[in-house]
Structure formats: C-alpha cells, structure tokens
Amino acid sequence: MAMSALMTLELDELQDITFQLPETDLKQRYRITDLESLNWALRKLAALDTKQLDARELAAKEKARIQEWLDRETQAIDESRQFFMMLIEEYAREQRSRDPKWKASTPYGKVSFRKQQPKWEYDEKKALETIESAGLDKFVRVKKELDKVALKGTVEVLKDGRVVDPESGAVIEGVNIVPQPEALKVEVCSE
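Numbering of the sequence shown is given in my numbering, commencing with residue 733 and proceeding in unit increments.
By construction, these hints were calculated from the structure, which means they are not laboratory data. Where hints are given, some of them may not hold.
Said to hold, decoys possible - Listed next, the in silico DMTMM-like pairs over lysine to aspartate or glutamate satisfying Cα-Cα at most 20 Å (straight line):
| id | residue 1 | residue 2 |
| --- | --- | --- |
| 1 | K783 | E745 |
| 2 | K842 | D831 |
| 3 | K835 | E821 |
| 4 | K795 | E805 |
| 5 | K847 | E826 |
| 6 | K835 | E822 |
| 7 | K880 | E905 |
| 8 | K847 | D831 |
| 9 | K880 | E899 |
| 10 | K917 | E768 |
| 11 | K917 | D781 |
| 12 | K833 | E821 |
| 13 | K776 | E745 |
| 14 | K776 | E919 |
| 15 | K793 | D803 |
| 16 | K842 | E822 |
| 17 | K776 | D766 |
| 18 | K783 | D744 |
| 19 | K842 | E826 |
| 20 | K870 | E856 |
| 21 | K891 | E914 |
| 22 | K884 | E899 |
| 23 | K783 | E919 |
| 24 | K833 | E822 |
| 25 | K870 | D855 |
| 26 | K875 | E864 |
| 27 | K875 | E856 |
| 28 | K842 | E821 |
| 29 | K876 | E905 |
| 30 | K776 | D786 |
| 31 | K876 | E864 |
| 32 | K847 | E822 |
| 33 | K857 | D869 |
| 34 | K917 | D766 |
| 35 | K891 | E905 |
| 36 | K793 | E805 |
| 37 | K858 | D869 |
| 38 | K880 | D897 |
| 39 | K847 | E821 |
Here the structure is a predicted model, which means the values were calculated and not measured.
Working from the sequences, and respecting the hints, build out all of it.
Okay, structure coming up:
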C-alpha cells in the first residue's frame, strides 16, 4: 500500500515536530485538549500505521525474494550432496561385502556402518482400539488437565478473588481471579 501525498505530509509534519523539540518539551507542548487535537493525533497515527504497513510489505517481498534464492541454492547443494552420498554408499557397501568390519578414515571425514534399533511404526487409532479391546490398559496413558470451561461455569468467586466450589464449599487453591482495568481501544481509520 503506497502512502498518499496526504499521509506523507502528515509524517513530514510529525518529523518536523519531533526533531525541533527535546522529548520533555514535546510531551509538555503537545496535549490533546479537544476533538480537533484528538483528530490531529489520530491522523498522525494513521500515517504512522501506513508507513509501518509499507515497510512490512517491502520487507515481506524482500524476504520472499531471498527465500527463493536460498531455496534454489539449497536445492542445488542438496542434489550434489545426494550424488556424493550415493557414490560413497556404493563404494562402502562394496567394501563391506568383502570385509564385514570395513571402515575408512580420510583427512576430510570418516565412513563406517552403525547398527540401528528397529523402527517402530504406529497406527495410533488401530493400536489403541486393539489394546483397549484386549483390556491392556497399562499401555494407555491418560492425560490429566484442568477443565477451565467447566470450572468457570460452576464455581463461585469471592470478593477477594478466591474461587469456591459451591457444592462442597472448598476453596480451590491455585486459581485466583484478578480484576482488570478498562483497556483503551483506539481505532485508526485508514484512507
């Protein structure tokens, strides 16, 4: 989103103001005293928001361009690595077929074989059904967590912020209600 001439004028005016006065004078000199000065401040915010949006859009385009370049470079490098890994693996397997204890070491690296643990592949849904139907509950983990929706809908809140279960009268430790002040909401209209 390119800035309009009006937004540019607002930013230029803002820059003139901020560079002319020290920060302490700036806070004292500019006060919002009426609807007109409030409108002035909101215009400045709108101009700043537009400038920030322009900067973000430019940065996003540059990031995308750089990411494309990196992807091309990485792809070429990955293809070359795969080629050399294939050559090394062919050679190593050939040597290993002749000597079961074969390994090699050069100034630029080492090649050897390492035993691996078998890989366990799971179909979670099917395995869980089978285990539960067989009564093997020892292989099922149940995750405990606080049901906050049910808690909020059921408990009573005391004036001091503590929470009480209305049925048992027990104070629920670990839950405290903290009142919040009103939040200022500023909506800046863009052009």
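Hint by hint, here is what the structure shows:
no.: 1; hint: K783 - E745; verdict: 14 Å, holds
no.: 2; hint: K842 - D831; verdict: 17 Å, holds
no.: 3; hint: K835 - E821; verdict: 12 Å, holds
no.: 4; hint: K795 - E805; verdict: 15 Å, holds
no.: 5; hint: K847 - E826; verdict: 17 Å, holds
no.: 6; hint: K835 - E822; verdict: 13 Å, holds
no.: 7; hint: K880 - E905; verdict: 14 Å, holds
no.: 8; hint: K847 - D831; verdict: 16 Å, holds
no.: 9; hint: K880 - E899; verdict: 17 Å, holds
no.: 10; hint: K917 - E768; verdict: 19 Å, holds
no.: 11; hint: K917 - D781; verdict: 15 Å, holds
no.: 12; hint: K833 - E821; verdict: 15 Å, holds
no.: 13; hint: K776 - E745; verdict: 9 Å, holds
no.: 14; hint: K776 - E919; verdict: 13 Å, holds
no.: 15; hint: K793 - D803; verdict: 15 Å, holds
no.: 16; hint: K842 - E822; verdict: 15 Å, holds
no.: 17; hint: K776 - D766; verdict: 16 Å, holds
no.: 18; hint: K783 - D744; verdict: 12 Å, holds
no.: 19; hint: K842 - E826; verdict: 16 Å, holds
no.: 20; hint: K870 - E856; verdict: 16 Å, holds
no.: 21; hint: K891 - E914; verdict: 19 Å, holds
no.: 22; hint: K884 - E899; verdict: 14 Å, holds
no.: 23; hint: K783 - E919; verdict: 16 Å, holds
no.: 24; hint: K833 - E822; verdict: 16 Å, holds
no.: 25; hint: K870 - D855; verdict: 18 Å, holds
no.: 26; hint: K875 - E864; verdict: 16 Å, holds
no.: 27; hint: K875 - E856; verdict: 16 Å, holds
no.: 28; hint: K842 - E821; verdict: 12 Å, holds
no.: 29; hint: K876 - E905; verdict: 17 Å, holds
no.: 30; hint: K776 - D786; verdict: 15 Å, holds
no.: 31; hint: K876 - E864; verdict: 19 Å, holds
no.: 32; hint: K847 - E822; verdict: 18 Å, holds
no.: 33; hint: K857 - D869; verdict: 15 Å, holds
no.: 34; hint: K917 - D766; verdict: 18 Å, holds
no.: 35; hint: K891 - E905; verdict: 15 Å, holds
no.: 36; hint: K793 - E805; verdict: 19 Å, holds
no.: 37; hint: K858 - D869; verdict: 15 Å, holds
no.: 38; hint: K880 - D897; verdict: 13 Å, holds
no.: 39; hint: K847 - E821; verdict: 15 Å, holds
Of the hints listed earlier, there is not a single one the structure fails to meet.
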